[in-house]
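S.K.: One-letter residues, chain by chain:
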Amino acid sequence: MKHHLAVLALLLTSTRIAAQAPAADFPAQLSVDTRQVLTRIADSARAAKLPVEPLVSKAAEGVLKGADDARIIAAVRTLARQLGEARAIMPAGTGTAALTAAASALRAGVTAETLRSLVEAGQGSDAADFGVALVTLADLAANGVPPRTAGDAVSELLRRGTPGRDLAALRSAIAQDIGDGIAPARALSARLRILMPATPTPEVRRP
Amino acid sequence: MRNALMREDELPIALRDATELLRDAPPPSDLWRRRVLKAASERAAPTSARSARIRWSIHPAAAIAAALLFMTLGGAGTWLLTNAPRDVVSVATGGAVGGTSNVRFSLEAPGASSVTLVGDFNGWDRAGVKLRRAGDGRTWTVEIPLTPGRYAYSFVVDGALARDPRAPRAADDDFGSPNSIVLVSGS
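Protein chains in written order, with this note's numbering: chain A, 1 to 207; chain B, 1 to 187.
Each hint should be verified, as a subset may be incorrect.
[Unchecked claim] Quick list of the computed label-pair ranges, beta carbon to beta carbon:
#, chain 1, residue 1, chain 2, residue 2, range
1, A, T78, B, A160, 24 to 30 Å
2, A, E113, B, G135, 50 to 56 Å
3, B, E108, A, S44, 39 to 45 Å
4, B, G137, A, D180, 23 to 29 Å
5, A, A112, B, R138, 43 to 49 Å
6, A, G66, B, R132, 39 to 45 Å
7, A, A88, B, A134, 42 to 48 Å
[Claimed, not checked] Covered stretches of chain B (chain A as the covering partner; in silico rule of three or more C-beta atoms under 8 Å from a C-beta of chain A):
#, region
8, 106-114
9, 159-171
[Claimed, not checked] Examples of chain A residues lying across from chain B (beta carbon under 10 Å, computed):
#, residue
10, L30
11, V32
12, A67
13, A70
14, A75
15, R81
16, A97
17, L134
18, A141
19, A175
In case anyone wonders, no lab produced these hints; they're calculated from the structure. Keep in mind that this is a model prediction, so the values were computed, not measured. Cβ atoms here follow ideal geometry from the backbone N, Cα and C, with glycine treated the same way.
The following block holds chain A by itself, in its conformation from the complex (with noise of 0.2 Å):
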């Protein structure tokens, strides 16, 4: 009896330590203090069903650019915060990159609403189709477009099945027009008028 229930425990053991993720890999130059806060918070965001990896790349890149330790942490924290907030618009399912993509359209200002309203209008569509309309709109929005235009903009095209590699040609196109010193929206404008030559373009509003 003794003898089964050590199996038993071994095996319970076992399945636990096999079912917990692997910790966080967080760059060894920070301190130890600050990896022990980092890897709070991705154990927070492992809990809540959000990637890591996102968490684990923004130390790294901070540890690249020699930023402070506080700095560090700040940043993990508000991207972690930002993950939670696009996790909770997003349909299930959606991955790390596209989540990653939906948190950095929320940091450039686009809205949940707007947010939203992408999603119910790519319901239907091909997952990576959506995916490119989500990093479009972030990229657009991070860009200087107006968040919600680009949101309405986007939104449209997805609505009207616009495939990923037109979008994606899109993005390309005006990031050329902005570099060009093209203003962002009239950039955006420009560019809708060749993909949808018949609608009138959404108009600037404010974000």
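Following the hints, complete the assembly by docking chain B onto the known chain A.
M.R.: Chain B in isolation, oriented as in the chain A frame:
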């Protein structure tokens, strides 16, 4: 490619007039926009190796002739001369489905002695991925395999961080040095 298109103020007067006319041409056809968007994807940089193999170079005179032809056919030349994505960057599409794509990163840094690439894909390791100087002595390039996704990255030019000037910048500039974003599509 970008420099292959002549600046407008460098055009002969007659051709300048032609470009003015083209500006007021009617909107392009659906077929034309499809072609343009396809070309934009294929010319993207960072770009997949597959698209990188098909790189086009347009002589200024040829570009102008093409524009005039399009005006005759339906007026879409306006877009070509004034708004076309000439050397669109920062999107990588067309990679192997479900696998990795070889994504090309490039930067013009004529005076640099070393350029490396750092980002999400290498854990922001300062050692980075080394770029090689191209034959023109100005452009540094590297190709790396990436799975579909969205990656933040930056160049390190002679030890200093430098954002890709031709790519969308990331929203989250937490450390005072903005990153660029590359999108690798699996479809």
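S.K.: Are the hints correct? Go through all of them and say.
M.R.: Comparing the hints with the structure gives:
1. A/T78 / B/A160: 24 to 30 Å: holds (26 Å)
2. A/E113 / B/G135: 50 to 56 Å: For B/G135 against A/E113, whose Cβ atoms are near 51 Å apart, the range 50 to 56 Å holds.
3. B/E108 / A/S44: 39 to 45 Å: Roughly 43 Å apart at Cβ, these two residues keep to the hinted range, so it holds.
4. B/G137 / A/D180: 23 to 29 Å: holds (25 Å)
5. A/A112 / B/R138: 43 to 49 Å: Since the Cβ atoms of A/A112 and B/R138 sit about 45 Å apart, the hinted range of 43 to 49 Å holds.
6. A/G66 / B/R132: 39 to 45 Å: violated (27 Å)
7. A/A88 / B/A134: 42 to 48 Å: With a Cβ separation near 46 Å, A/A88 and B/A134 satisfy 42 to 48 Å, so the hint holds.
8. 106-114: With 0 residues in contact (Cβ-Cβ under 8 Å with chain A), the coverage given for the region 106-114 of chain B is violated.
9. 159-171: Since three or more residues must qualify, the claim that chain A covers the region 159-171 of chain B holds, with 8 doing so at under 8 Å.
10. L30: With Cβ-Cβ at 13 Å, over 10 Å, it is violated.
11. V32: Not OK, violated: A/V32 not within 10 Å of chain B, min 20 Å.
12. A67: holds (5 Å)
13. A70: The hint is violated - A/A70 has no Cβ within 10 Å of chain B, the shortest such distance being about 12 Å.
14. A75: With Cβ-Cβ at 4 Å, under 10 Å, it holds.
15. R81: violated (12 Å)
16. A97: Holds: closest Cβ of chain B sits about 4 Å from A/A97, inside 10 Å.
17. L134: At about 9 Å, which falls below the 10 Å cut-off, the nearest Cβ of chain B leaves the hint on A/L134 intact, so it holds.
18. A141: Check passed: Cβ of A/A141 comes within 7 Å of chain B, closer than 10 Å.
19. A175: With Cβ-Cβ at 4 Å, under 10 Å, it holds.
Checked against the numbered hints given earlier, the structure breaks hints 6, 8, 10, 11, 13, 15 and satisfies all the rest.
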